[in-house]
Amino acid sequence: MSQNLCMSPELGKEDMDPNVVNRMIFVGPNAKVSEGEIVHEMHMLGLPLTIKHTCYGAMVSGQKEDVLKAITEIRKLDSYHIFTKDRGFAPGDPRRCRGHRFGPREGFHQMEKEFQILGDVADALEKPEKVIIHPKTPVDVDDFVETVNDYINKE
Amino acid sequence: MVKVAIYPPNSLVLADLIERKGLTPLSLQKQMRKKIKDLEIDSPPMNITEDDPIAGLKYAAIEVPSGVRGRMFIIGPLIDEAEAAIIVDGAPFGFGCVGCARTNELSIFYLRSKDIPVLEITYPTNRAETFNMVNEINEFLDSLKEDKEEE
Numbered sequence: 001m002s003q004n005l006c007m008s009p010e011l012g013k014e015d016m017d018p019n020v021v022n023r024m025i026f027v028g029p030n031a032k033v034s035e036g037e038i039v040h041e042m043h044m045l046g047l048p049l050t051i052k053h054t055c056y057g058a059m060v061s062g063q064k065e066d067v068l069k070a071i072t073e074i075r076k077l078d079s080y081h082i083f084t085k086d087r088g089f090a091p092g093d094p095r096r097c098r099g100h101r102f103g104p105r106e107g108f109h110q111m112e113k114e115f116q117i118l119g120d121v122a123d124a125l126e127k128p129e130k131v132i133i134h135p136k137t138p139v140d141v142d143d144f145v146e147t148v149n150d151y152i153n154k155e
Numbered sequence: 001m002v003k004v005a006i007y008p009p010n011s012l013v014l015a016d017l018i019e020r021k022g023l024t025p026l027s028l029q030k031q032m033r034k035k036i037k038d039l040e041i042d043s044p045p046m047n048i049t050e051d052d053p054i055a056g057l058k059y060a061a062i063e064v065p066s067g068v069r070g071r072m073f074i075i076g077p078l079i080d081e082a083e084a085a086i087i088v089d090g091a092p093f094g095f096g097c098v099g100c101a102r103t104n105e106l107s108i109f110y111l112r113s114k115d116i117p118v119l120e121i122t123y124p125t126n127r128a129e130t131f132n133m134v135n136e137i138n139e140f141l142d143s144l145k146e147d148k149e150e151e
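Top to bottom, those sequences are chains A and B.
Under my numbering, residues 1 to 155 are what the first sequence spells out, in order.
Under my numbering, residues 1 to 151 are what the second sequence spells out, in order.
Hints are computed from structural coordinates only; laboratory data are not their basis.
Quick caveat: nothing in here was measured; it's all calculated off a predicted structure.
C-beta: ideal position from N, C-alpha, C; glycine also.
Take the hints with a grain of salt, since some may be wrong.
[To be verified] Covered by chain A, per the in silico footprint, the following chain B stretches (three or more residues, Cβ under 8 Å):
1) 14 to 22
2) 32 to 38
3) 64 to 71
4) 115 to 125
[As the list claims (entries may be wrong)] Each computed SDA-like pair below joins lysine to any residue, with the alpha-carbon atoms no more than 20 Å apart:
5) B/Lys-21 <-> B/Asn-126
6) A/Lys-136 <-> B/Asn-132
7) B/Lys-21 <-> A/Lys-136
8) B/Lys-34 <-> A/Lys-113
9) B/Lys-145 <-> A/Leu-125
10) B/Lys-145 <-> A/Pro-135
11) B/Lys-3 <-> B/Pro-92
12) B/Lys-37 <-> A/Pro-91
13) A/Lys-130 <-> B/Phe-109
14) B/Lys-30 <-> A/Asp-17
15) B/Lys-37 <-> A/Pro-18
16) A/Lys-113 <-> B/Glu-129
17) A/Lys-113 <-> B/Arg-127
18) A/Lys-32 <-> B/Asp-16
19) A/Lys-136 <-> B/Gly-90
20) B/Lys-37 <-> A/Glu-65
21) A/Lys-130 <-> B/Val-118
22) B/Lys-30 <-> A/Glu-106
23) A/Lys-76 <-> A/Glu-106
24) A/Lys-113 <-> B/Asn-126
25) A/Lys-64 <-> A/Phe-108
26) A/Lys-127 <-> A/Leu-77
27) B/Lys-37 <-> A/Gly-92
28) A/Lys-130 <-> B/Glu-136
29) A/Lys-113 <-> B/Gly-90
30) B/Lys-30 <-> A/Glu-65
31) A/Lys-76 <-> B/Leu-23
32) A/Lys-127 <-> B/Arg-127
33) A/Lys-136 <-> B/Lys-30
34) B/Lys-21 <-> A/Leu-68
35) B/Lys-30 <-> A/Phe-108
36) A/Lys-130 <-> B/Phe-131
37) A/Lys-64 <-> B/Ile-116
38) A/Lys-113 <-> B/Glu-150
39) A/Lys-64 <-> B/Asp-38
40) B/Lys-21 <-> B/Glu-150
Sequences are here, hints too, so could you generate the full structure?
Okay, here's the thing in structure tokens:
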């Protein structure tokens, strides 16, 4: 498994640019668009981006403004079912890419787990409801003493 | 824009919900990106340097294992920046675990003890709970935006 412990990859100029961001785009289970459509749409925007078609959606890398613009545009396709998050490593980086490793990359299992609730999350976003948040507060000392005393007296 | 710390710090659902409301999620990946771009690090999968546990001393005492201090070096600045926090309790192993239970405890302790609005919820196990989680998060984020506007 020494391959998993990895090498020093030949990093390009883009990999070292502080303004370059990487984003993962997930297509939820009940989405009305496919992964391919998202990738196609991003290519059609004509922005200077690196786009990778993946099993869960797409991965996009480029200057921050361009990436955010692309995300805003593709969210218009199906805003409730398209989810995004940042990623540290660039698309295809040999230190993380599954193509260069044995087995799934780190983070895949989390994605798999979160994907299971994405359908419900999208439905909840589509039909929002008003809820009241009850903040957690510590038990009052007097109440606690009273409860303990009650219990002792019962014994 | 309000900066919201999330726990688990690399959660997709939390980061996405915060961004949808126009706020900034403080996610772990952004910190990792900074490390990856660091020219001094040769092999970022094993990207801890001797300076990291020393810098981590700000967040954890010397008796604390170096692994925790090294992790706190990455997560600590996010906690410092936080203006609000969302903590998901009872998340399964795969749900954004940073790989160290003690680091999780310490980070959650710092977030709770910081004087900022904190929303604590439990990881959903069914559809109704997921709906509740999403609605609570949205409600919390709306209240943060209102507070910011009042200021």
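key: Violated hints, by number in ascending order, as checked against the structure   = Numbers 3, 5, 7, 8, 11, 13, 23, 25, 33, 37, 38, in rising order.
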